[in-house]
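Number of protein chains: 2
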Amino acid sequence: MGEFELINHYFAAAQCAQGGEGVALGIGDDCALLDLPPGEQLAVSTDTLVAGVHFPRVCDPGLLGQRSLAVAASDLAAMGATPIAFTLALTLPEVGEAWLRAFADGLDRMARRCRLGLIGGDTTRGPLSITVTVFGRVPAGQALRRSGARPGDLLCVGGELGNAAGALPLVLGEREAPNALAQPLLDHYWSPSPQFALGQLLRGRATAALDISDGLLADCGHIAKASGVALEVNLHQVPVSAALQGFVGPQAALQAAVAGGDDYVLAFTLPPGQLSSLQAQTPVHVIGRVLEGQGVSLRDRQGQDITPLQRGYQHFRETP
Amino acid sequence: MGEFELINHYFAAAQCAQGGEGVALGIGDDCALLDLPPGEQLAVSTDTLVAGVHFPRVCDPGLLGQRSLAVAASDLAAMGATPIAFTLALTLPEVGEAWLRAFADGLDRMARRCRLGLIGGDTTRGPLSITVTVFGRVPAGQALRRSGARPGDLLCVGGELGNAAGALPLVLGEREAPNALAQPLLDHYWSPSPQFALGQLLRGRATAALDISDGLLADCGHIAKASGVALEVNLHQVPVSAALQGFVGPQAALQAAVAGGDDYVLAFTLPPGQLSSLQAQTPVHVIGRVLEGQGVSLRDRQGQDITPLQRGYQHFRETP
Numbered sequence: 001m002g003e004f005e006l007i008n009h010y011f012a013a014a015q016c017a018q019g020g021e022g023v024a025l026g027i028g029d030d031c032a033l034l035d036l037p038p039g040e041q042l043a044v045s046t047d048t049l050v051a052g053v054h055f056p057r058v059c060d061p062g063l064l065g066q067r068s069l070a071v072a073a074s075d076l077a078a079m080g081a082t083p084i085a086f087t088l089a090l091t092l093p094e095v096g097e098a099w100l101r102a103f104a105d106g107l108d109r110m111a112r113r114c115r116l117g118l119i120g121g122d123t124t125r126g127p128l129s130i131t132v133t134v135f136g137r138v139p140a141g142q143a144l145r146r147s148g149a150r151p152g153d154l155l156c157v158g159g160e161l162g163n164a165a166g167a168l169p170l171v172l173g174e175r176e177a178p179n180a181l182a183q184p185l186l187d188h189y190w191s192p193s194p195q196f197a198l199g200q201l202l203r204g205r206a207t208a209a210l211d212i213s214d215g216l217l218a219d220c221g222h223i224a225k226a227s228g229v230a231l232e233v234n235l236h237q238v239p240v241s242a243a244l245q246g247f248v249g250p251q252a253a254l255q256a257a258v259a260g261g262d263d264y265v266l267a268f269t270l271p272p273g274q275l276s277s278l279q280a281q282t283p284v285h286v287i288g289r290v291l292e293g294q295g296v297s298l299r300d301r302q303g304q305d306i307t308p309l310q311r312g313y314q315h316f317r318e319t320p
Numbered sequence: 321m322g323e324f325e326l327i328n329h330y331f332a333a334a335q336c337a338q339g340g341e342g343v344a345l346g347i348g349d350d351c352a353l354l355d356l357p358p359g360e361q362l363a364v365s366t367d368t369l370v371a372g373v374h375f376p377r378v379c380d381p382g383l384l385g386q387r388s389l390a391v392a393a394s395d396l397a398a399m400g401a402t403p404i405a406f407t408l409a410l411t412l413p414e415v416g417e418a419w420l421r422a423f424a425d426g427l428d429r430m431a432r433r434c435r436l437g438l439i440g441g442d443t444t445r446g447p448l449s450i451t452v453t454v455f456g457r458v459p460a461g462q463a464l465r466r467s468g469a470r471p472g473d474l475l476c477v478g479g480e481l482g483n484a485a486g487a488l489p490l491v492l493g494e495r496e497a498p499n500a501l502a503q504p505l506l507d508h509y510w511s512p513s514p515q516f517a518l519g520q521l522l523r524g525r526a527t528a529a530l531d532i533s534d535g536l537l538a539d540c541g542h543i544a545k546a547s548g549v550a551l552e553v554n555l556h557q558v559p560v561s562a563a564l565q566g567f568v569g570p571q572a573a574l575q576a577a578v579a580g581g582d583d584y585v586l587a588f589t590l591p592p593g594q595l596s597s598l599q600a601q602t603p604v605h606v607i608g609r610v611l612e613g614q615g616v617s618l619r620d621r622q623g624q625d626i627t628p629l630q631r632g633y634q635h636f637r638e639t640p
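These protein sequences, in sequence, are chains X and C. When the letters of the first sequence are read in order and numbered with the working numbering, they come out as residues 1 to 320. When the letters of the second sequence are read in order and numbered with the working numbering, they come out as residues 321 to 640.
Source of the hints: derived by calculation from the structure; they are not laboratory data. Using N, Cα and C, we set each Cβ at its ideal position, and we do this for glycine too. If a hint is listed, it holds; no wrong ones were tucked in.
Simulated restraints on C-beta separations: (1) C:591 to X:39: 32 to 42 Å; (2) X:21 to C:493: 48 to 58 Å; (3) C:359 to X:21: 10 to 20 Å; (4) C:507 to X:169: 50 to 60 Å; (5) C:627 to X:112: 35 to 45 Å; (6) X:228 to C:498: 56 to 66 Å; (7) X:37 to C:602: 29 to 39 Å; (8) X:24 to C:493: 41 to 51 Å; (9) X:38 to C:623: 47 to 57 Å; (10) C:489 to X:169: 45 to 55 Å; (11) X:204 to C:341: 21 to 31 Å.
A few chain C residues that don't get close to chain X, going by computed Cβ distances all over 12 Å: (12) 383; (13) 425; (14) 429; (15) 435; (16) 490; (17) 494; (18) 500; (19) 501; (20) 507; (21) 559; (22) 596; (23) 597; (24) 600; (25) 605; (26) 617.
Computed list of chain C residues with no C-beta within reach of chain X, every gap over 12 Å: (27) 433; (28) 506; (29) 556; (30) 561; (31) 574; (32) 620; (33) 621; (34) 623.
Make a model of the complete structure from these sequences and hints.
Shown next as structure tokens:
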């Protein structure tokens, strides 16, 4: 089987997962073609996952498939976009039929969950690496940006934080835990749920939004910088799961929640008047507020500044 | 400098290369946003280049930058699309400032030539690999597909073939040649010219089109298969450059032209009645014809079938 048949063969399920609303032409030609309803804009985001950097070199290919797509799709949720489709650039050291089948199955599961159709890609031989580009649509001018937070807004998140960072010792096989604790954490790591519904609800309500991938404090820093404001996070308001607390203890759970990455939960700023109508439709956790100034500070229950110096993980931390 | 500043810093030139026609929001948020004029469709294509597979591990980063974008952009030309923008997923073993600056400069040169603005991407640590996703627009229903060739059509190409394949021994440093021969071949390899103008002229005229990346015979096979027809190529009509003939001799030049890849010249099928009006506007080389049947045959001047068994390069030739 040649390169040309490979993606078609293994990824046929994901390709037709959603019947192709907005997809005028899928895999098989030089380009895919997308239709966009009048008055809408196309949202585009690209994410790369590299073996040994973003995921363990040895891992379940089905879990890897679903995680690869979810991580990229979360950026659509963060803009308030409705998912349309994605492309996959897959670099593989060799073609193992079992590996490919499992990876494609995992990808397909997440494609169905996210209502994203596979419209193209490229398969090449090389060190294992996965680049996913996702496409969504959003009414013109209504996309959620990072730059609109205003002093007086509430700082909110869409769910519990720290589960993925807490799961890392389990993912890497460094620790074990009873299944009741381990499973929810591993699920969160391998199968994040992009918050599409929340993102779409936030259109016209939130003043700024993003998805937490680098860690709460690091990502709040992005909102603060883009909006020209200061953000204050109240540690005791940050929601953490019972599983995470049970696995690492309450203190380390909060540490994972503010500094760990890979949550793929939305963080957003909200004028106070919007809170009750939003909470009537979806769970919202208020964890702080927007102030004049710059930067992000972390406060304890007494209002003391306990901002850590290290704010989440960055690739290429050292440059020459 | 963190991951977040890296692309912005080095790729700022490419980012604003074109003033962003169709780009509503570029780098810096969770997604980029594109506007599409009413009645147009978005064309999307993704290509990955891996060090040691698609280009030498040691090469000029500026040349690599321009080639990476041209290879991907050529797919837009093949659909008859007008370029809008691209994203870049760059995986690097380390951050070398000189390397990045040169790569970004090369990318920027090609971005300006193609009128493509950089709208986003992802930079990660890992084995060197470059994934480019390109975006263009095309009037709804007018994109050039591979599937419309009809018996009686002429088979045409938009320029000389085989230069890039012929250049390989020069690229790899295995052979030397006088500059007058070497330079045009190396230019073709490192700086392909996507045939946007030709592609746009072919809208409403050509019945099928693609860009030659896997080699003339292999790519003709894609048209034949997608269209359910046979294609006949007359070897003596295949255009080859003086530089290629001078470097490898006339016989090997034709061999490179039919079996070598990386030409990024358009191949298309054309109703005979369209030929003269098209030739009045742009050079067109008729190299064969479309017949009832299937597959691709290569004919010599006497009409003898000299079809080789091996048709261009494929990744993953052996599968378990």
